[in-house]
Amino acid sequence: MSHKPPPTEMPALPSALRRKLLLGMAALPAAAVLPRVAWGAAPATAAVNTTGLAVSDDSVTVGILHSVTGTMAISETGSVQAEKLAIDQINAEGGVLGRKIKFIQEDGASDWPTFAEKAKKLLVNDKCAAVFGCWTSASRKAVLPVFEQYNGMLYYPTFYEGLEQSKNVIYTGQEATQQIIAGLDWVTKEKGAKTFYLLGSDYIWPRTSNKIARKHIENVLKTKVVGEEYFPLGHTQFNSVINKIKLTKPDVIYAIIVGGSNVAFYKQLKAAGIDLSKQTLVTISVTEDEIDGIGGENIAGAYACMKYFQSLDNPNNKSFVSDFKKMWGDKTVIGDVTQAAYLGPWLWKLTVEKAGSFDIDKVAAASPGVEFTAAPEGYVRIHDNHHLWSKTRVGRAKADGQYEVIYETAELMEPDPFPKGYQ
Amino acid sequence: MERIGFLKTSEAVGIAILAALILIVLPLGLDIFRLNLAGKYLTYAFVAIGLVLCWGHGGILSLGQGMFFGLGGYAMAMFLKLEASSPEATKIQSTPGIPDFMDWNQLTELPWFWQPFHSLTLSLVAVVLVPTAFAFLIGTAMFKRRVGGVYFAIITQAIAAILTILIVGQQGYTGGINGITDLRTLKGWDIRTDEAKYVLYFVNAGLLLAAVAAAYFVRQSKLGRILVAMRDKEDRVRFSGYNVANFKTFVFCLAAALSAIGGAMFTLQVGFMSPSFVGIVPSIEMVIYTAVGGRLSILGAVYGTLLVNWAKTSFSESFPELWLLGLGGLFIAVVLAFPNGLAGIYADTIAPRLSRLLRRARPALGGTVPAGAPAE
Numbered sequence: 001m002s003h004k005p006p007p008t009e010m011p012a013l014p015s016a017l018r019r020k021l022l023l024g025m026a027a028l029p030a031a032a033v034l035p036r037v038a039w040g041a042a043p044a045t046a047a048v049n050t051t052g053l054a055v056s057d058d059s060v061t062v063g064i065l066h067s068v069t070g071t072m073a074i075s076e077t078g079s080v081q082a083e084k085l086a087i088d089q090i091n092a093e094g095g096v097l098g099r100k101i102k103f104i105q106e107d108g109a110s111d112w113p114t115f116a117e118k119a120k121k122l123l124v125n126d127k128c129a130a131v132f133g134c135w136t137s138a139s140r141k142a143v144l145p146v147f148e149q150y151n152g153m154l155y156y157p158t159f160y161e162g163l164e165q166s167k168n169v170i171y172t173g174q175e176a177t178q179q180i181i182a183g184l185d186w187v188t189k190e191k192g193a194k195t196f197y198l199l200g201s202d203y204i205w206p207r208t209s210n211k212i213a214r215k216h217i218e219n220v221l222k223t224k225v226v227g228e229e230y231f232p233l234g235h236t237q238f239n240s241v242i243n244k245i246k247l248t249k250p251d252v253i254y255a256i257i258v259g260g261s262n263v264a265f266y267k268q269l270k271a272a273g274i275d276l277s278k279q280t281l282v283t284i285s286v287t288e289d290e291i292d293g294i295g296g297e298n299i300a301g302a303y304a305c306m307k308y309f310q311s312l313d314n315p316n317n318k319s320f321v322s323d324f325k326k327m328w329g330d331k332t333v334i335g336d337v338t339q340a341a342y343l344g345p346w347l348w349k350l351t352v353e354k355a356g357s358f359d360i361d362k363v364a365a366a367s368p369g370v371e372f373t374a375a376p377e378g379y380v381r382i383h384d385n386h387h388l389w390s391k392t393r394v395g396r397a398k399a400d401g402q403y404e405v406i407y408e409t410a411e412l413m414e415p416d417p418f419p420k421g422y423q
Numbered sequence: 001m002e003r004i005g006f007l008k009t010s011e012a013v014g015i016a017i018l019a020a021l022i023l024i025v026l027p028l029g030l031d032i033f034r035l036n037l038a039g040k041y042l043t044y045a046f047v048a049i050g051l052v053l054c055w056g057h058g059g060i061l062s063l064g065q066g067m068f069f070g071l072g073g074y075a076m077a078m079f080l081k082l083e084a085s086s087p088e089a090t091k092i093q094s095t096p097g098i099p100d101f102m103d104w105n106q107l108t109e110l111p112w113f114w115q116p117f118h119s120l121t122l123s124l125v126a127v128v129l130v131p132t133a134f135a136f137l138i139g140t141a142m143f144k145r146r147v148g149g150v151y152f153a154i155i156t157q158a159i160a161a162i163l164t165i166l167i168v169g170q171q172g173y174t175g176g177i178n179g180i181t182d183l184r185t186l187k188g189w190d191i192r193t194d195e196a197k198y199v200l201y202f203v204n205a206g207l208l209l210a211a212v213a214a215a216y217f218v219r220q221s222k223l224g225r226i227l228v229a230m231r232d233k234e235d236r237v238r239f240s241g242y243n244v245a246n247f248k249t250f251v252f253c254l255a256a257a258l259s260a261i262g263g264a265m266f267t268l269q270v271g272f273m274s275p276s277f278v279g280i281v282p283s284i285e286m287v288i289y290t291a292v293g294g295r296l297s298i299l300g301a302v303y304g305t306l307l308v309n310w311a312k313t314s315f316s317e318s319f320p321e322l323w324l325l326g327l328g329g330l331f332i333a334v335v336l337a338f339p340n341g342l343a344g345i346y347a348d349t350i351a352p353r354l355s356r357l358l359r360r361a362r363p364a365l366g367g368t369v370p371a372g373a374p375a376e
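Line by line, the protein sequences give chains A and B. Take 1 as the starting number for the first sequence in the working numbering and just add one per residue. Take 1 as the starting number for the second sequence in the working numbering and just add one per residue.
The following block holds chain A by itself, in its conformation from the complex:
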């Protein structure tokens, strides 16, 4: 822990100076001739691993389970990169309980049963101490019984619909209320919005999210939903709904369209003459990664509710972005989920060190209350329900594919996967 930069709440040092300080700190143990002593001798393997996980005297094995082939590869690649970066950085600092992290990567192939098969392999065959992975809700639902049966630990990075809580999962993304409620409050206050048109791809996350949005709009904000529509995944013909939007003239288009459909939707919206600098559109499904495909000029002006944007201005994020680009190239962009995936290995390391053990039960029990001060999004903390306390932010898309952050909640939002009154 002593190697970590200060929390963002503290007065920020100029980035360059901070990096130098960090480098200096990292060099300290090496300068001390006896690096082992400087770190303190690693605790005995028998003491920190009583359940036969893949932990040796100098290494610990974890799994990375994402799709690197198939339709989801484009979304999940960022997560894989972020997790590898975090593991590299942790190893550079001396690893976890004095052990270097080794990882085994498996491909979920955008196919839910494959995810289940590979998850089982990582837990049963490879005895992974933790697994960082999954992206879609469907893949998580497929592996959840596996993690519960074989008692594994999954760090899941994506913002998702909630309605789930497991001893064996740490959700490093936002559950639905964390993404939705503050954003709706903001758009109502800032834009005086009275009418909303809800759109979504047809599966569990958009439907649940829109359900929460509708309850909040109707019961709390006392405004109106004028339309709600869903499209199959991969749908590319949005002209009829765009016509309906033109007729109903909602104050806000609330769009939860995912994947490749986004490209068609925003291009057709623009072609139909709906100018996003005048028509308010709020999305919770378009990160910088998706804008890469949509094209910044097609979505400029839209608002997105996330917890992280690449353009966040804080020292943690600056060094994260530069390390990420150094490792994976200048052209890569970093979206909300990529950042959440980066948190996984760090939170696991901090939890293991708090628990003083790799045992799954002890890690699960020690998780609530673990704080990560160096997170690119700022300070985060694990809640009793295994989700993260984190801020909600609103960004406005620019033509260059980045978001300009225009609002953030003052406080961390409490995760509430089973929201009362919203079900």
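By construction, these hints were calculated from the structure, which means they are not laboratory data. The structure displayed is predicted, hence computed values, not measured ones. Careful, some of the hints might be misleading.
Derived pair list, reagent style EDC-like, types lysine to aspartate or glutamate, alpha-carbon separation capped at 20 Å [to be verified]:
#1 K127(A) <-> E11(B)
#2 K246(A) <-> E228(A)
#3 K84(A) <-> D58(A)
#4 K312(B) <-> D126(A)
#5 K127(A) <-> E317(B)
#6 K91(B) <-> D416(A)
#7 K102(A) <-> E317(B)
#8 K84(A) <-> D31(B)
Label-pair distances were calculated between CB atoms; the ranges are [what the hints assert, rightly or not]:
#9 T50(A) <-> P116(B): 46 to 52 Å
#10 G149(B) <-> K191(A): 43 to 49 Å
#11 L357(B) <-> S59(A): 33 to 39 Å
#12 S10(B) <-> K167(A): 52 to 58 Å
We treat Cβ as the ideally placed atom computed from N, Cα and C, and that holds for glycine.
Once you have looked at the hints, place chain B on chain A.
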């Protein structure tokens, strides 16, 4: 040629070798995790056997066998899901006692078509009957109108796509793209334990051997010969007075029923069912298993399924970023170099050598020298 029941001796030996492999060698040689994977592969072999009859012998290429596999699997999954959704287990829901995904989709009572799946007997009947009836419907509609060949293949593909969209779209009733997950027990018997996995593996292997035997029975029967005749010269069979459409529908239904049994066993062994088995891609993959094994060979289809899936698993474990290329390469190589698949390799290279060896061994064993053998 000597016969054992309806099997030729060589066929009986082939089945015995397969039985030895899946009943003895695999269970002894693999740990439970790998054995469970092998069990999963063997469920696809049911589909491949169906395709050998339907495509290899009947000449009806169906690119939608995933539908039947999926329907069988869903029927099983619906029963298991209802059992896992007892009011006690689901008391945190707004409506306890219905599957969790229905609750998430604001359903407040069980839809009527889920009701029969409270009963195991009715569910098992549905596993076979629903996909077969569906195949009958498609078969009657197509074959009576003499739709065949490529057109039939395209239509089956379209129906598979429609079914997937329907399942994904009606997520309140079907679980949507997530599928039906978190299945736990069968009549109180926990299917997730290692012992249960062993038992299910052997049940599956037994059913598969029965399916192989049934396929051989059909093949050697008069029906089997009519199928081949239809494939090669449909008109002649029709002019000889046979109702071609009925035979085609029958073999298509048989292939569907076999696929459905595979699907149900899949659900039991893997613990969930999702629309990713219903669509076009898995259906085509299943045709590939058959092609790799050799589309005329029943045993070849089983070995082809095992080989392709084993390659898929091990390539993807070793090369997570490149494995699809390797797998694609394997298919191209097999199709180019061995158009008759594994069975072709066996018939062309291994079988002649084997018989030469046997012939050489026989005199040494004191047998008589075959009449035509050169006297050396």
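| query | Which earlier hints turn out false for this structure, listed by number in ascending order? | reply | 1, 8, 10 and 11
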